[in-house]
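Trainee: Below, each chain spelled out in residue letters.
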Amino acid sequence: MSEAKRKFWAFAIVATLVLISVATYAYHEFYLYLSVYLWFGFIYGMCLQYGRFCFSSAFRDLFAVGVPRMAVGIMIAIAFFALVGAFVSATGLSTFHSAPIGLHAVIAGFIFGVGMCFAGGCASGSMYKTGEGNMNAALVVVSISVTQAVFVDIGGWANALVPASWAKSASEKGLPASINVADGWVDQYLAGYVWDQPVLSFATMLGWTDQSVMGAFLGNFLVGVALPGAALLVVVYFFWSRRTFMKKRLAAASARPRLTDELAGYWAMVVASKRTAIAGLALGIAAGLHMYASQGLRVKYGVRNAGPLLERMGFDFGLSVNGTVFDPGYWYVTTQEAQWVGWVFHKLGWNQMDNIFFGFNNGIPNPLINPADWMSIALFGGAAVMALLHNEFKFKKPTLETAIWAIIGGALMGIGSRLGLGCNVGAFFVRVSQGDPSGWVFGIGMVGGAYLGVKFFNWWTERRMARQFAATIT
Amino acid sequence: MKFEKMSEGHYLLDVKGYVCPHPQLYTKKALERLKPGEMLELQFDNPSSGESIATMCDNTGDEILDRKQEAGLFVWHVRKT
Chain H
7 MSEAKRKFWA
17 FAIVATLVLI
27 SVATYAYHEF
37 YLYLSVYLWF
47 GFIYGMCLQY
57 GRFCFSSAFR
67 DLFAVGVPRM
77 AVGIMIAIAF
87 FALVGAFVSA
97 TGLSTFHSAP
107 IGLHAVIAGF
117 IFGVGMCFAG
127 GCASGSMYKT
137 GEGNMNAALV
147 VVSISVTQAV
157 FVDIGGWANA
167 LVPASWAKSA
177 SEKGLPASIN
187 VADGWVDQYL
197 AGYVWDQPVL
207 SFATMLGWTD
217 QSVMGAFLGN
227 FLVGVALPGA
237 ALLVVVYFFW
247 SRRTFMKKRL
257 AAASARPRLT
267 DELAGYWAMV
277 VASKRTAIAG
287 LALGIAAGLH
297 MYASQGLRVK
307 YGVRNAGPLL
317 ERMGFDFGLS
327 VNGTVFDPGY
337 WYVTTQEAQW
347 VGWVFHKLGW
357 NQMDNIFFGF
367 NNGIPNPLIN
377 PADWMSIALF
387 GGAAVMALLH
397 NEFKFKKPTL
407 ETAIWAIIGG
417 ALMGIGSRLG
427 LGCNVGAFFV
437 RVSQGDPSGW
447 VFGIGMVGGA
457 YLGVKFFNWW
467 TERRMARQFA
477 ATIT
Chain Y
288 MKFEKMSEGH
298 YLLDVKGYVC
308 PHPQLYTKKA
318 LERLKPGEML
328 ELQFDNPSSG
338 ESIATMCDNT
348 GDEILDRKQE
358 AGLFVWHVRK
368 T
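Protein sequences, first through last, are from chains H and Y.
Here the first sequence stands for residues 7 to 480, numbered as in my numbering.
Here the second sequence stands for residues 288 to 368, numbered as in my numbering.
So that you can see chain H by itself, here it is in the shape it has in the complex (with noise of 0.2 Å):
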């Protein structure tokens, strides 16, 4: 594609997104809310595709082939994020809410960590790589959102391995009969289950809540998100970037390392992609101002969910039981690509609205209404004007071994998300950021799943090449 074509088209994604945020708010001020998402999710998209920004790949390369870029280049996001969002609690306009924290989430993000090793890309990784062309990661997309909306609405046979305490304890929650809340297996395990566990944050964890400037600054940024990422940044210092950095720093100076050498070494660490550095700056400001932006108008149209503003606007259909939608009021991933489905197995029949998910959490409205659905989309524009405008864009078709891994990977992230109520950005990123320690336990868990993932494609990669090697020398 020519220069002068991959404007034309960059210029042409942002042109006809800036017509709908201007036709539809001249329609209706309420659109307003939307293009916020849509803005945002365009700026995500282009900080991801400027960075290479890809979560599995912070945990993966480390074990694969001991490049720690991508997690610098993450804590670095979650720091900036944390400082932001300190700001915003501290200011009482937070819409973050710690999720429940159990075991439970060590095996969602283990689940969750293997999909992303095999899919090539994490949720939100394989949506900006759907911008840059790569109908491979649209695969893993489509997957991960068939997954999640068959996944929550099991019932039947899933039933019977539901435990009896799980079942005693979701038929207690006084459910609306609506959600029919005994049958369905992610039914019980929300309600019988997670919705049991404790709800923490490290601010209230020290005693202070989460809107005093004690509990945002000192409890969810120092304690919960500086302090221990300053530490495992240090981790990957001695066992993955030191020895490199030692060899060549040391070959003109005295052998041994002093401590000016070792604070050397770990800010080379940091600086040492800058696209990635620069990359989650970005997001971690914009991120946090995404929440502010969206409490401001939340206050300022008088409601806590997009839900009510939807019903105003005459769109009543795909609301909870509760009246509500899906409507984070931060970054997000899964949730609404898993409702784009969900929508379009309801119009076919199959009843979406009886389980907790869709039915009593999220809705399922018109993907066209969709207040996260306009982030998403907006993602996949800001990647690919990103991609067009730095000559990065293919459009590149999957293979069969691709489209097989794209498939597993992405089904094993839709169960992933859905047991721990949320993916790499949901359940990890935005958790961790704002003091909730279950995004740490999700963590752990991605960590060991991904290192398992590792494990099995460094067997498959090695098999093929020890074959096309001695194919070669022959």
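Hints are computed from structural coordinates only; laboratory data are not their basis.
All C-beta atoms in this analysis are idealised placements derived from N, C-alpha and C, irrespective of residue type, glycine included.
One or more of the hints may lead you astray.
[As the list claims (entries may be wrong)] Pair ranges (Cβ atoms, derived):
#, chain 1, residue 1, chain 2, residue 2, range
1, H, I450, Y, D353, 15 to 21 Å
2, Y, P323, H, M220, 57 to 63 Å
3, H, V350, Y, E295, 54 to 60 Å
4, H, F245, Y, D353, 30 to 36 Å
5, Y, D353, H, L167, 53 to 59 Å
6, H, L406, Y, Q330, 18 to 24 Å
7, Y, E319, H, N186, 37 to 43 Å
8, H, K306, Y, E319, 57 to 63 Å
9, Y, E319, H, P169, 44 to 50 Å
10, H, N357, Y, E319, 50 to 56 Å
11, H, W163, Y, Q330, 36 to 42 Å
Given the coordinates of chain H, work out where chain Y should sit on it, guided by the hints.
Mentor: Quick look at chain Y alone, frame taken from chain H:
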């Protein structure tokens, strides 16, 4: 994935169409099999793999001689040290 000998001491690794972690893993395994001084022509179209491969070569000391990029296709030449 295609790995073949183009001439004496000059090999081709074609991993176009693959996403992470395949390009970086195949590159690592190909370079491990080359003798010092031999060259690998690497073709890939997954941009994020480039970042990892560059850092990996920096760590191992393998030298990236040139990097070409056109329409999403990356062609790099790496000399094994």
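Trainee: Each hint: holds or not?
Mentor: We went through each hint and held it up to the structure:
1. H:I450 x Y:D353: 15 to 21 Å: Since H:I450 and Y:D353 have Cβ atoms about 41 Å apart, the given range 15 to 21 Å is violated.
2. Y:P323 x H:M220: 57 to 63 Å: 58 Å, holds
3. H:V350 x Y:E295: 54 to 60 Å: 57 Å, holds
4. H:F245 x Y:D353: 30 to 36 Å: The hint (30 to 36 Å, Cβ to Cβ) holds, given that H:F245 and Y:D353 are roughly 31 Å apart.
5. Y:D353 x H:L167: 53 to 59 Å: Since Y:D353 and H:L167 have Cβ atoms about 57 Å apart, the given range 53 to 59 Å holds.
6. H:L406 x Y:Q330: 18 to 24 Å: Cβ of H:L406 to Cβ of Y:Q330: about 20 Å, so the range 18 to 24 Å holds.
7. Y:E319 x H:N186: 37 to 43 Å: Violated - the Cβ-Cβ distance for Y:E319 and H:N186, about 57 Å, lies outside 37 to 43 Å.
8. H:K306 x Y:E319: 57 to 63 Å: At 59 Å between Cβs, range holds.
9. Y:E319 x H:P169: 44 to 50 Å: 48 Å, holds
10. H:N357 x Y:E319: 50 to 56 Å: 55 Å Cβ-Cβ, so the 50 to 56 Å window holds.
11. H:W163 x Y:Q330: 36 to 42 Å: For Y:Q330 against H:W163, whose Cβ atoms are near 48 Å apart, the range 36 to 42 Å is violated.
Hint violations for this structure: numbers 1, 7, 11, all remaining hints satisfied.
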